[in-house]
Amino acid sequence: MLKLGRHEFANTDLLVMAIVNRTRDSFYDQGATFDEERALDRVRQVVADGADIIDIGGVKAGPGEDVDAAEEVRRTAGFVALVRAEFPDLVISVDTWRSQVGREVCAAGADLLNDAWGGHDPELAEVAAEYDAGLVCTHTGGLAPRTPPHRQEYDDVVADAIDATLKLAEHAVSLGVDRQRVLIDPAHDFGKNTWQSLELTRRLDEMTAAGWPVLVSLSNKDFVGETLDLPIGERLTGTLAATAISAWHGAQVYRVHEVVETRQVLDMVASIKGTRPPARVVRGLA
Amino acid sequence: MIVAAAVCPHPPLLFRELSGLEDAAGDLRNACMAAITSMMSADPGVIVVVGGADTSGEWSPDERFDLTRFGTTQARPSQRSDLPLSLGVAGTLLDESGWMGRRELLAVAWQTPTADLAEAASRLAARPERVGLLVMGEGSARRGTTAPGFIDERAPVFDAALGLALQEGDAVVLRNIDSELADQLMALGRAPFQFLGHAAPDGAAATVLYEDDPFGVMYFVAVWSWRLGDRLA
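Residue numbers (our numbering), protein chains in the order written: chain A, 3 to 288; chain B, 17 to 249.
Source of the hints: derived by calculation from the structure; they are not laboratory data.
Be aware that one or more of the hints could be misleading.
Heads up, incomplete: computed chain B residues facing chain A, CB under 8 Å, no partners named [claimed, not checked]:
1. P27
2. L34
3. L37
4. L83
5. T84
6. A91
7. P93
8. S97
9. W126
10. G160
11. G165
12. V233
Away from chain B, derived, C-beta distances all over 12 Å, residues of chain A [said to hold, decoys possible]:
13. R26
14. D51
15. L177
16. A212
17. I234
18. H251
19. Q266
20. D269
21. S273
22. T277
23. P280
24. A281
25. V284
26. L287
Predicted model only: the values in this text are computed from it and were never measured.
Glycine is no exception: its CB is placed at the ideal position from the N, C-alpha and C atoms.
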């Protein structure tokens with residue numbers, strides 16, 4: 003059972019989390035939804051496309067424009083309130099590592115804090131507990147926010163990801179975060195080269211076996227690009243292949259740019275697994 | 017005595033589980049249940065199901081169709097049942113219609129000669145108790161390019177005659193269905209419909225509740241009833 007906002011999801015429900023960037027420089031959309039009205043249009047579109055969650059971000063994941071906490075709050079908190087007003091039931095996540103930002107967005111109506119830099123600010127989990135919000139516990143390999151991997155080594159990257167995220171999850175619960183609102187994320191490409199992200203995908207079943215709902219963020223990332231030797235903009239097929247494998251291995255939440263395509267892949271995999279009936283079957287049964 | 021008869025088809029799609037998220041045959045199932053409910057209102061003491069199968073014989077009324085033969089995500093039961101589809105669909109329709117009374121399941125082989133059907137039907141009609149007869153049968157499966165048997169231009173005429181006979185309670189037409197043509201048209205109702213034709217008393221009040229071929233197979237749902245005798249007699 004996974005609780006997000008007002009919703010309760012069965013373990014077999016596969017959820018699409020649509021990315022909505024309030025940034026000028028995120029790698030994929032390059033500021034397309036920095037403008038508030040365009041960001042709101044994006045929310046309307048992804049909701050219509052079947053997104054279960056939106057993930058609002060105010061700071062590019064990688065190095066780039068300096069965004070301090072006050073600016074990040076300006077980009078996210080008011081926008082969360084706008085979205086909440088228009089979509090009372092939508093699960094709203096905010097991608098932030100800062101507790102100061104977490105507090106403001108939770109007050110504005112956010113349901114989930116996506117701590118993409120894995121406990122860098124230990125007070126973020128306390129904010130989640132205070133507002134009864136959810137928390138995504140992420141593996142970064144110990145890197146500080148917005149740091150790209152450089153010669154990152156692991157004895158066993160999968161074991162490291164499981165160990166680190168479980169520690170974060172248990173710690174969050176000990177601080178009062180509802181156990182059913184905590185997810186873990188191996189964080190492809192965060193503190194990992196392409197080999198390491200591929201291995202995480204290959205062995206994701208080891209992570210899902212740990213008993214916490216797993217979020218994966220695969221969408222158009224460099225490990226897809228390097229694997230297929232394709233630039234940004236041509237990585238959807240590779241992303242969907244990784245999505246299908248992750249779904250087969252039991253990941254539950256998919257943070258994505260392309261909602262419609264992801265939804266189709268997840269529905270297809272769920273039907274192959276036998277957790278979702280096909281939409282309409284008549285062939286051979288008339 | 018036969019107090020009422022219902023006619024239903026038996027596509028696997030009548031099992032709700034098989035069509036997935038969308039109930040592709042919901043209106044057909046509703047019509048079948050309405051027909052059975054109407055038959056039940058004639059107060060039968062037993063409902064006898066007659067359906068086509070590879071071989072003739074009686075089946076236990078407790079037997080249920082093994083849906084996993086058609087797939088689904090259900091676990092295969094340890095005790096597999098070979099109950100024929102036609103009787104399995106009938107059993108489920110009776111369950112869903114709330115029939116709690118006695119039931120008997122009689123399979124008639126697809127190729128049963130008309131004379132044998134006539135004899136079995138006469139034996140049933142002669143029983144003293146009030147019998148509801150549930151006849152499981154269909155028209156042609158060769159009604160279009162997407163039909164299971166593609167197109168046979170004779171199918172519409174064949175089916176129209178069947179439909180008219182069911183509409184008018186015309187037992188004579190049912191008795192005289194052309195067996196060879198029915199085979200060629202993949203009409204699985206030939207033997208059960210002939211059984212009905214031979215079992216039915218004269219003077220049926222007949223109603224057709226459904227007559228359509230949404231998937232290329234002709235489905236009929238009908239009810240025949242008789243104001244026969246007095247229950248107290």
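How the hints compare with the structure:
{"no.": "1", "hint": "P27", "in the structure": "holds, 5 Å"}
{"no.": "2", "hint": "L34", "in the structure": "holds, 6 Å"}
{"no.": "3", "hint": "L37", "in the structure": "holds, 5 Å"}
{"no.": "4", "hint": "L83", "in the structure": "violated, 11 Å"}
{"no.": "5", "hint": "T84", "in the structure": "violated, 12 Å"}
{"no.": "6", "hint": "A91", "in the structure": "violated, 10 Å"}
{"no.": "7", "hint": "P93", "in the structure": "violated, 16 Å"}
{"no.": "8", "hint": "S97", "in the structure": "violated, 18 Å"}
{"no.": "9", "hint": "W126", "in the structure": "violated, 18 Å"}
{"no.": "10", "hint": "G160", "in the structure": "violated, 11 Å"}
{"no.": "11", "hint": "G165", "in the structure": "violated, 11 Å"}
{"no.": "12", "hint": "V233", "in the structure": "holds, 5 Å"}
{"no.": "13", "hint": "R26", "in the structure": "holds, 42 Å"}
{"no.": "14", "hint": "D51", "in the structure": "holds, 18 Å"}
{"no.": "15", "hint": "L177", "in the structure": "holds, 40 Å"}
{"no.": "16", "hint": "A212", "in the structure": "holds, 26 Å"}
{"no.": "17", "hint": "I234", "in the structure": "holds, 35 Å"}
{"no.": "18", "hint": "H251", "in the structure": "holds, 19 Å"}
{"no.": "19", "hint": "Q266", "in the structure": "holds, 14 Å"}
{"no.": "20", "hint": "D269", "in the structure": "violated, 10 Å"}
{"no.": "21", "hint": "S273", "in the structure": "violated, 8 Å"}
{"no.": "22", "hint": "T277", "in the structure": "violated, 8 Å"}
{"no.": "23", "hint": "P280", "in the structure": "violated, 4 Å"}
{"no.": "24", "hint": "A281", "in the structure": "violated, 5 Å"}
{"no.": "25", "hint": "V284", "in the structure": "violated, 5 Å"}
{"no.": "26", "hint": "L287", "in the structure": "violated, 4 Å"}
Checked against the numbered hints listed earlier, the structure breaks hints 4, 5, 6, 7, 8, 9, 10, 11, 20, 21, 22, 23, 24, 25 and 26; every other hint is satisfied.
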